[in-house]
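For this one, chain A is given, so just place chain B on it according to the hints.
Protein chains in written order, with this note's numbering: chain A, -5 to 449; chain B, 18 to 353.
There's no promise every hint is true.
[Said to hold, decoys possible] Below, a list of computed lysine-lysine pairs in the DSS-like style, where the Cα atoms sit at most 30 Å apart:
| no. | chain 1 | residue 1 | chain 2 | residue 2 |
| --- | --- | --- | --- | --- |
| 1 | A | Lys18 | A | Lys42 |
| 2 | A | Lys178 | B | Lys194 |
| 3 | B | Lys170 | A | Lys185 |
| 4 | B | Lys300 | B | Lys281 |
| 5 | A | Lys185 | B | Lys264 |
| 6 | A | Lys18 | A | Lys185 |
| 7 | A | Lys178 | B | Lys88 |
| 8 | B | Lys248 | A | Lys368 |
| 9 | A | Lys41 | B | Lys88 |
| 10 | B | Lys170 | A | Lys178 |
| 11 | B | Lys152 | A | Lys364 |
| 12 | A | Lys185 | B | Lys23 |
| 13 | A | Lys178 | B | Lys260 |
| 14 | B | Lys264 | B | Lys248 |
| 15 | B | Lys88 | A | Lys364 |
| 16 | A | Lys(-2) | A | Lys223 |
| 17 | A | Lys42 | B | Lys81 |
| 18 | B | Lys60 | A | Lys185 |
| 19 | B | Lys194 | B | Lys299 |
| 20 | A | Lys64 | B | Lys81 |
| 21 | B | Lys170 | B | Lys152 |
| 22 | B | Lys281 | B | Lys236 |
| 23 | A | Lys185 | B | Lys74 |
| 24 | A | Lys41 | A | Lys(-2) |
| 25 | B | Lys81 | A | Lys185 |
| 26 | A | Lys41 | B | Lys81 |
| 27 | B | Lys21 | A | Lys185 |
| 28 | B | Lys299 | B | Lys170 |
| 29 | A | Lys185 | B | Lys236 |
| 30 | B | Lys152 | A | Lys421 |
| 31 | B | Lys21 | A | Lys64 |
| 32 | A | Lys143 | A | Lys26 |
| 33 | A | Lys442 | A | Lys364 |
| 34 | A | Lys64 | A | Lys42 |
| 35 | B | Lys23 | B | Lys88 |
| 36 | A | Lys178 | A | Lys272 |
| 37 | A | Lys178 | B | Lys21 |
| 38 | B | Lys241 | B | Lys170 |
| 39 | A | Lys41 | A | Lys18 |
Worth flagging that the hints you see were computed from the coordinates, not collected in a lab.
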Amino acid sequence: MSRKLLLEHINVPGINTLEVYRQKGGYRAVEKALKTLTPEEIVEEVKKSGLRGRGGAGFPTGMKWSFLAKPEGVARYLVCNADESEPGTFKDRYLMTHIPHALIEGMIVSSFALGAKVSYIYVRGEMMPQIRILEKAIAEAKAAGWLGKNILGTGYDLELYVQPGGGAYICGEETALLESLEGKRGNPRIKPPFPAIAGLYGCPTVVNNVESIAAVVPIINDGGDEYAKIGIGRSTGTKLISASGNLVKPGVYEIELGLPVEEFIYSDEYCGGIANGKRLKATVAGGSSVPILPANLTLKYANGEPRLMSYESLSEGGFATGTMMGSGGFIAFDEDQCIVRNTWNFSRFYHHESCGQCSPCREGTGWMEKVLHKIEHGHGSMEDVDLLWDIQRKIEGNTICPLGDAAAWPVASAIRHFRDEFEWHIKEPAKSQTQNYGIANYAVPIEKEPVTEEK
Amino acid sequence: MSDKVKVTIDGITVEVDNGTTILNAARQIGGDIVPPAMCYYSKLEGSGGKCRTCIVKVTKGSEKDPRPMPKLVASCRTTVMDGMEVLNITSPEVLEARAGVVEILLINHPLDCPVCDQAGECDLQNLGYEHGLQKTRYEFERRTFDRIDIGDKIQLHMNRCILCYRCVFTADQITNKRVHGILNRGDHSEISTYIQQAVDSDFSGNVIDVCPVGALTDKTFRFKNRVWFTKPVDAHRNCDHEKCNGKVTLWYKGEDVLRVTARKDQFGEVEEFICNTCRFDKKATSDWTIEHPTHIDDTSVIASNHYETLKPLPVIKPNAALQAANEIELHKTVKY
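Pulled out of the complex, with its shape left as it was, chain B reads as follows:
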């Protein structure tokens, strides 16, 4: 077999390396056909397959074996075969299943976005806007946990957690020792450290960046500001930590650096993991060499206040034709 294989996703053919997953092939195409991923993280080995938001339909297995796959598959863990044909947003079955996953992810989520620090840059929030229902059908009490401080810089708010396991993989792979994992099972499972031990590692702060929701938050930033009021700026410093290259994004409010995060790419994944010194201790402009405003390629509210695009947001006028075309979607509040 040659090194390159052809895969068609939603009618768009792309040639990718052998062994690429469907999700990564879709990311090479880009745009709307990229399946959302809540648990997959390309920098973390073994991640993915858990949240099921990236499910797609494989209508043709490969050139050799053209049978379709019987079930919807997790695109983040299914490798492409030559001649594979995949349906993502063009398959109503996929969209329905994905909406189901989103609904299920939200039933035990506290939906406390108004007080959550992650709001505005939250993957679950974006996903909820895109696929979720406007009303929940869940009428029972949501599971609750107490907030735990893991270390003096990170707070764990387990209620919001969607158990993507990203932070577990981070703790396993980025830091030297395994600091935390999952306790219990089923919907009682929780992220925890062994007997509430503090997470103590130079890279532990990265669990905040990988968390797709507001379960792990930066205590130095908690309740300081909404992210869409802050202005992100790319900066770097000469970090003396051997594994940290000191390339970060500073989040400014006025003259103050409110928080420091690693630089994220268009899929919300960090480019390089950064050390805790850069993240928590260097919060003065004088510590950093500022490069340029961060390019935010995000459809969420975080991009709206951004000075990179000085064009004002378009005023939304009701469009009768559009409303007629989307009648089913608009009626979802009352029926479905």
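Pulled out of the complex, with its shape left as it was, chain A reads as follows:
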């Protein structure tokens, strides 16, 4: 059994109430932080812990905090990004539903560390139950004196608000989230200036993922050094992985970073293998926007070393043979899944969710979606595959926000690794409508020797 930090008490009945949460050691971190530590010390602890942003980019949280500008007389804000809408990711929703106080406790400590007097939790609009849960939890915490004026008699004031979003994926991008929070259209801002300099209402702002903020609680309780001992290399601590797809036991798992991918998929402690005794064909390791990998590259690097669940290990091999940690939305595909259909589905999502601000993403996502629809439905031609490659290359890196990249990568990686499946759809249009391409050679184990990958 690996260590659980966030989900330790997840199965305790009534953990969503303040009373039970408190019995299980909740709000210790607030007491410790507010009474014995200075804000600078907390930032230092988080820096020492090596905690990396859990929302997708994996930027070190402590570093992000230390970049926050601190001009005199200007308010600072902490915004929690709970606009979790990436297909395949549902860890934050799970956390907020079951242990809302973990997030609130993390918010109090983090806000204190950043000197924020008002903090927001921006929750995705579709998550109405979670919004109610959080509001109830905040009311409980406020009644018990953990929020509001003069918390624990330390003279620190904090107001915490829950803001429902309008239901747009793009509002998970931090600057779009801030625009939306200000009541405007959720268009990403052009950086610089970064939110740490001019964010919400033009004031210095830190935007953090739900899980990152919740992870501050064990860091303060046990100390940053202790947290840094868990995990491997620069990927420290534990990470929530939302596993979905053709798995025996899909769900949210807390893993110690550095767990082998093979163990995560096949061990009974975690996903328990592929459902219905089928074979693994491909995985998307970190939510829909990271590159998709065939089974053999998921389990091993191109040189045959086992791949681990960590930021570095998943991205080993770059775009050619690697993927990314992303937000931890692990999707497994068995041998009966069609990668072309899946790619089409993903690009349909990005087409729908593009904000329409900058041209490559606005027009390009729609174009990719149409070409993929054509191929998937048996009307494609060989040039279409090259065309798709060309379109994704023109989107990637040329947009204001990372949504363009997120839309381009799944298409790029699907063509890179599953090109023969695309070509099969084109060569056998009638067949492709009734049956699947199958597992082909995607699960052929990689021998432990240097293998030259195509492209």
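Frame of chain A; chain B shown alone:
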């Protein structure tokens, strides 16, 4: 840091004020190295960064931090640093990316230039000639919208819109109240007013001038004439509107003033915004004091019929050496 910084664009070094964007630094140099800008408008605060046609490559960040920038950057929103080195037309990567942006901008554009009033003075048309492919690879139905009248003087033809947001910024910043914005998202987004309310403001006509394409057109001029048959003349009048200085360009066809626009500089940006009275209501020569023919520094067809340059256009003869040098470009129709 001193007030002046040095920046090198395509090998040409220029000294500019601190805080200048790369695009404006390039405009100070002028010529071919100025990146095209479809959405940036120097008179509108916050504009730019959206169309991505002005992307450039920064090969050296600054004197202090010489690392290159990892991605191509939008030159209209990136400020120069001392010692920065930028590649625009000398970088094949930039030209390719720009051609990609142009292609992408055109996939949902109706390409109805033969019936579009903007043809001849259209930024997208110029850009398409310069960077576009001769054939589209887009084989699907283009998105379409109905034409909307916003007010009795302006028509919105959303099909042609490239969502540069210039008119939104104009409505926000030049006029008193916010009259229109963007509805929906992605490639369904459209410029619109709230529940089709008419745009009603003294300066609303300026959205026509800032529009880089033919999405917002002057209803008093629609289908009257092609712009290259009209003769532009600078004129002024004493406008009693407090914010309008009455300096305009009149577009003549014979004796008639077909339309009135604000004066535009060499980058296609208006010098001063003008009021609706000057634009729509004063269409008689007697209303105006004529100054001189407008200097048109435009490479498009609009300059060809201009009497400022009385030299006839050179007859184009095939030049074998030139064709050999440009073989790749000429073969773009068949391959690429």
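Now for the hints, and whether the structure bears them out:
1. Our distance criterion of 30 Å between C-alpha atoms is met by Lys18 of chain A and Lys42 of chain A, whose separation comes to about 26 Å.
2. Under the criterion of a C-alpha separation no larger than 30 Å, the hint pairing Lys178 of chain A with Lys194 of chain B is consistent with the structure, at around 16 Å.
3. Taken as a hint, the Lys170 of chain B and Lys185 of chain A pair is broken in the structure, with Cα atoms around 37 Å apart against an allowance of 30 Å.
4. Using a Cα cut-off of 30 Å, the hinted pair Lys300 of chain B and Lys281 of chain B holds, with the two alpha carbons roughly 19 Å apart.
5. As the CA atoms of Lys185 of chain A and Lys264 of chain B are separated by approximately 37 Å, the hinted pair breaks the 30 Å bound.
6. Restraint check for Lys18 of chain A and Lys185 of chain A: not satisfied, since their Cα atoms lie roughly 42 Å apart, outside the 30 Å limit.
7. A distance of roughly 28 Å separates the Cα atoms of Lys178 of chain A and Lys88 of chain B; the hinted pair therefore holds under the 30 Å criterion.
8. A C-alpha spacing of about 49 Å is found between Lys248 of chain B and Lys368 of chain A, which places the hinted pair above 30 Å, so the restraint is violated.
9. Our distance criterion of 30 Å between C-alpha atoms is met by Lys41 of chain A and Lys88 of chain B, whose separation comes to about 28 Å.
10. Restraint check for Lys170 of chain B and Lys178 of chain A: the C-alpha separation of about 29 Å stays at or below 30 Å, so the hint holds.
11. As the CA atoms of Lys152 of chain B and Lys364 of chain A are separated by approximately 19 Å, the hinted pair is consistent with the 30 Å bound.
12. For the suggested pair Lys185 of chain A and Lys23 of chain B, the alpha carbons sit about 22 Å apart, so the restraint of at most 30 Å is met.
13. A threshold of 30 Å between alpha carbons decides the hint, and for Lys178 of chain A with Lys260 of chain B the separation of about 29 Å falls inside it, so the pair holds.
14. Between the alpha carbons of Lys264 of chain B and Lys248 of chain B the distance comes to roughly 17 Å, so the proposed pair stays at or under 30 Å and holds.
15. Between Lys88 of chain B and Lys364 of chain A the alpha-carbon distance is near 27 Å, which keeps this suggested pair within the 30 Å criterion.
16. A threshold of 30 Å between alpha carbons decides the hint, and for Lys(-2) of chain A with Lys223 of chain A the separation of about 14 Å falls inside it, so the pair holds.
17. About 29 Å separates the Cα atoms of Lys42 of chain A and Lys81 of chain B, which keeps this hinted pair within 30 Å; it holds.
18. For the suggested pair Lys60 of chain B and Lys185 of chain A, the alpha carbons sit about 20 Å apart, so the restraint of at most 30 Å is met.
19. A C-alpha spacing of about 25 Å is found between Lys194 of chain B and Lys299 of chain B, which places the hinted pair at or below 30 Å, so the restraint holds.
20. Only pairs whose Cα atoms come within 30 Å are accepted, and Lys64 of chain A paired with Lys81 of chain B is accepted, the gap being roughly 24 Å.
21. Simply put, Lys170 of chain B and Lys152 of chain B have alpha-carbon atoms about 35 Å apart, too far for the 30 Å limit, and the pair is violated.
22. Taken as a hint, the Lys281 of chain B and Lys236 of chain B pair is honoured in the structure, with Cα atoms around 20 Å apart against an allowance of 30 Å.
23. Restraint check for Lys185 of chain A and Lys74 of chain B: the C-alpha separation of about 16 Å stays at or below 30 Å, so the hint holds.
24. Note on Lys41 of chain A and Lys(-2) of chain A: the hinted pairing holds, with a Cα-Cα distance of about 21 Å set against a maximum of 30 Å.
25. As the CA atoms of Lys81 of chain B and Lys185 of chain A are separated by approximately 20 Å, the hinted pair is consistent with the 30 Å bound.
26. Proximity of Lys41 of chain A to Lys81 of chain B is assessed by CA-CA distance (about 26 Å); at most 30 Å being required, the pair is judged to hold.
27. With a CA separation close to 23 Å, the supplied pair Lys21 of chain B and Lys185 of chain A stays within the 30 Å bound.
28. Straight-line distance between C-alpha atoms of Lys299 of chain B and Lys170 of chain B comes to about 14 Å, which keeps the hinted pair within the 30 Å bound.
29. Simply put, Lys185 of chain A and Lys236 of chain B have alpha-carbon atoms about 38 Å apart, too far for the 30 Å limit, and the pair is violated.
30. Of the supplied pair hints, the one linking Lys152 of chain B and Lys421 of chain A holds, its CA atoms being roughly 26 Å apart against a limit of 30 Å.
31. Between Lys21 of chain B and Lys64 of chain A the alpha-carbon distance is near 28 Å, which keeps this suggested pair within the 30 Å criterion.
32. Pair hint Lys143 of chain A plus Lys26 of chain A holds up; C-alpha atoms about 18 Å apart against a cutoff of 30 Å.
33. Distance hint between Lys442 of chain A and Lys364 of chain A is unfulfilled; the C-alpha atoms sit about 40 Å from each other, more than 30 Å.
34. A distance of roughly 21 Å separates the Cα atoms of Lys64 of chain A and Lys42 of chain A; the hinted pair therefore holds under the 30 Å criterion.
35. Restraint check: the Cα-Cα separation between Lys23 of chain B and Lys88 of chain B comes to about 22 Å, which is no more than 30 Å; the hinted pair holds.
36. Restraint check for Lys178 of chain A and Lys272 of chain A: not satisfied, since their Cα atoms lie roughly 48 Å apart, outside the 30 Å limit.
37. Note on Lys178 of chain A and Lys21 of chain B: the hinted pairing is violated, with a Cα-Cα distance of about 36 Å set against a maximum of 30 Å.
38. This hinted pair checks out: Lys241 of chain B and Lys170 of chain B have alpha carbons roughly 14 Å apart, not beyond 30 Å.
39. Restraint check for Lys41 of chain A and Lys18 of chain A: the C-alpha separation of about 26 Å stays at or below 30 Å, so the hint holds.
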